[in-house]
Amino acid sequence: MKHLLTAAMDRDEAVALLDLAEDMHQIQDRELKKLPALRGRTVVNLFFEDSTRTRSSFEIAGKWLSADVINVSGKGSSASKGESLRDTGLTIAAMGVDGVVVRSGASGAPALLADWIGRPVVNAGDGTHEHPTQALLDAFALRRRIHGPDAARGKALDGVRVAIVGDIAHSRVARSNALLLPALGAEVTLVGPPSLLPLAAADGTRLGVRAETSLDTVIAEQPDALMLLRVQLERQAGKVAPSAAEYITGWSLTDERLARLPQTRIMHPGPMNRGLELSSRAADSDASTVLEQVTAGVSVRMAVLYSLLASDQGGSR
Amino acid sequence: MTQSRTVLGPDEIARALTRIAHEILEANHGPDDLVLLGIPTRGVALAERLATRLTEITGEDFSARTGALDITMHRDDLRARPTRASQPTRIPASGVDGRTVVLVDDVLYSGRTIRAALDALSDIGRPRAVRLAVLVDRGHRELPIRADSVGKNLPSARSEHVSILLDEVDGEDAVVIEAEPATGGAA
Numbered sequence: 001m002k003h004l005l006t007a008a009m010d011r012d013e014a015v016a017l018l019d020l021a022e023d024m025h026q027i028q029d030r031e032l033k034k035l036p037a038l039r040g041r042t043v044v045n046l047f048f049e050d051s052t053r054t055r056s057s058f059e060i061a062g063k064w065l066s067a068d069v070i071n072v073s074g075k076g077s078s079a080s081k082g083e084s085l086r087d088t089g090l091t092i093a094a095m096g097v098d099g100v101v102v103r104s105g106a107s108g109a110p111a112l113l114a115d116w117i118g119r120p121v122v123n124a125g126d127g128t129h130e131h132p133t134q135a136l137l138d139a140f141a142l143r144r145r146i147h148g149p150d151a152a153r154g155k156a157l158d159g160v161r162v163a164i165v166g167d168i169a170h171s172r173v174a175r176s177n178a179l180l181l182p183a184l185g186a187e188v189t190l191v192g193p194p195s196l197l198p199l200a201a202a203d204g205t206r207l208g209v210r211a212e213t214s215l216d217t218v219i220a221e222q223p224d225a226l227m228l229l230r231v232q233l234e235r236q237a238g239k240v241a242p243s244a245a246e247y248i249t250g251w252s253l254t255d256e257r258l259a260r261l262p263q264t265r266i267m268h269p270g271p272m273n274r275g276l277e278l279s280s281r282a283a284d285s286d287a288s289t290v291l292e293q294v295t296a297g298v299s300v301r302m303a304v305l306y307s308l309l310a311s312d313q314g315g316s317r
Numbered sequence: 318m319t320q321s322r323t324v325l326g327p328d329e330i331a332r333a334l335t336r337i338a339h340e341i342l343e344a345n346h347g348p349d350d351l352v353l354l355g356i357p358t359r360g361v362a363l364a365e366r367l368a369t370r371l372t373e374i375t376g377e378d379f380s381a382r383t384g385a386l387d388i389t390m391h392r393d394d395l396r397a398r399p400t401r402a403s404q405p406t407r408i409p410a411s412g413v414d415g416r417t418v419v420l421v422d423d424v425l426y427s428g429r430t431i432r433a434a435l436d437a438l439s440d441i442g443r444p445r446a447v448r449l450a451v452l453v454d455r456g457h458r459e460l461p462i463r464a465d466s467v468g469k470n471l472p473s474a475r476s477e478h479v480s481i482l483l484d485e486v487d488g489e490d491a492v493v494i495e496a497e498p499a500t501g502g503a504a
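Those protein sequences? They're chains X and Z, same order as listed.
Just so it is clear: in the first sequence, position 15 is 15 by my numbering, and no numbers are missing.
Take any residue in the second sequence, count from 1 to its spot, add 317: that is its number in my numbering.
Honestly, the hints are just simulated from the structure, not real lab data.
This structure is a prediction, so every number in the text was calculated from the model and none was measured.
Hints should not be assumed to be uniformly reliable.
[As the list claims (entries may be wrong)] Cut-off 20 Å, straight-line C-alpha distance, at most; resulting in silico cross-link-like pairs (SDA-like, lysine to any residue): (1) X/155 <-> Z/402; (2) X/155 <-> Z/436; (3) X/34 <-> X/51; (4) X/63 <-> Z/393; (5) X/34 <-> Z/407; (6) X/34 <-> Z/497; (7) X/81 <-> X/63; (8) X/63 <-> Z/407; (9) X/63 <-> X/52; (10) X/2 <-> Z/435; (11) X/75 <-> X/87; (12) Z/469 <-> Z/335; (13) X/34 <-> Z/394; (14) X/33 <-> X/292; (15) X/2 <-> Z/402; (16) X/63 <-> X/257; (17) X/75 <-> X/63; (18) X/33 <-> X/63; (19) X/63 <-> Z/396; (20) X/34 <-> Z/396; (21) X/34 <-> X/8; (22) X/34 <-> Z/332; (23) X/34 <-> Z/335; (24) X/2 <-> Z/408; (25) X/34 <-> Z/469; (26) X/34 <-> Z/339; (27) X/33 <-> Z/350; (28) Z/469 <-> Z/376; (29) X/34 <-> Z/321; (30) X/75 <-> X/127; (31) X/33 <-> Z/405; (32) X/2 <-> X/75; (33) X/33 <-> Z/442; (34) X/155 <-> Z/404; (35) X/33 <-> Z/399; (36) X/2 <-> X/115; (37) X/155 <-> Z/438; (38) X/34 <-> Z/482.
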């Protein structure tokens with residue numbers, strides 16, 4: 001693995017990465033949260049979009065591996081003075097950094113950056129395209145819930161039925177999960193208002209996933225996990241989206257729907273709009289994995305940074 | 318052609334481990350505060366075998382005092398080698414603070430693994446003392462490190478390869494020396 005640009009990977013690669021994250025996860029129980037593996041390495045978090053949890057999660061992951069982590073936000077940087085992505089990337093690379101974690105509103109920006117700068121690049125979310133570390137942390141948290149924290153190592157998600165609910169068309173989280181979870185053997189159903197379900201999913205099984213417009217139909221099937229996506233108001237201006245009231249009626253995990261899902265794990269990538277995608281009771285229930293997902297994010301990002309940056313010889317495992 | 322010879326068989330390995338178990342107890346003046354930590358992969362299996370013997374000898378349950386210490390993140394050759402996969406670390410519930418920790422590994426060679434293990438251990442806690450037990454010491458130390466208990470001293474040339482085979486991992490018990498096949502101009 002030279003870069004992490006997409007969640008599209010084969011099963012063995014995904015399981016190995018999750019297992020590495022499982023070993024990294026043990027640092028949570030330590031008083032001294034520091035491993036020397038990336039001592040002397042420098043990682044730049046280049047964030048052109050607002051992010052709190054992803055950026056701080058990457059920062060913690062890098063620091064716990066002893067890398068020096070520098071945060072560059074798009075707003076305070078020369079990008080706001082009109083510098084191109086290429087020039088910003090080349091400038092940062094010229095300072096001698098070892099890896100770049102990039103978040104951009106432009107789909108495909110991390111792949112371009114990877115071509116230009118010749119250093120490992122991690123996609124921390126690009127437009128409506130992908131968010132691979134989010135899919136990895138979702139898989140990690142779900143695998144622990146399914147198999148138990150002590151028995152998750154080496155396992156996949158064979159036969160685990162996951163429904164992803166919300167604005168599928170604009171969700172990089174949904175896309176990365178739709179690529180990664182089936183590779184691990186999970187059966188993925190994408191659920192959302194017809195105007196927010198992409199044609200590729202709606203017309204059948206091209207992605208290896210199923211599309212469904214009725215949440216109540218999916219609930220009747222009792223999925224193993226229900227992943228609610230954030231209703232992204234900032235990406236909705238002028239779009240053919242339902243109103244908040246329509247959305248809640250059709251696709252929100254309300255208290256009433258929650259009562260019909262006694263065994264289903266409730267997942268959300270955050271930040272949550274309580275009362276919109278899901279009720280407060282759903283968010284805080286024992287079935288909710290929301291905080292486990294956040295913790296998993298650090299472990300998974302440690303695994304990714306280690307895989308990309310520890311060896312000078314690249315990442316053949 | 319690769320020439321290989323078996324230096325230790327199953328019975329000799331079993332006897333060596335029994336002797337090491339007694340040496341550990343003798344040096345510690347009994348079983349109090351002992352913790353065994355195996356270094357993956359084969360050191361973990363050896364630590365578990367030692368725990369079985371210590372349980373038989375002392376009547377105390379050593380399985381709860383035995384774990385695994387992965388050193389991957391502390392290696393000094395991470396940059397020079399292809400990316401290494403890690404193994405789980407398991408620390409006994411009693412922890413290592415104030416205990417006498419016996420590190421267990423299969424082969425002692427350059428000493429760099431043990432250097433990494435000492436660093437990994439100091440991140441976890443502060444043992445009262447750290448001891449080292451190995452099945453085979455083949456010499457060629459690159460760091461000032463020595464073992465407290467050795468199953469077999471095995472003087473070997475650097476060009477030779479020493480393989481430890483254990484039933485838990487390899488399906489049989491044996492210590493094998495293989496001479497490096499003479500390729501190219503190397504002697």
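*Enumerate the violated hints, using their earlier numbering and listing them in ascending order.*
2, 3, 6, 7, 8, 10, 16, 17, 21, 22, 23, 24, 25, 26, 27, 28, 29, 32, 35, 37 and 38
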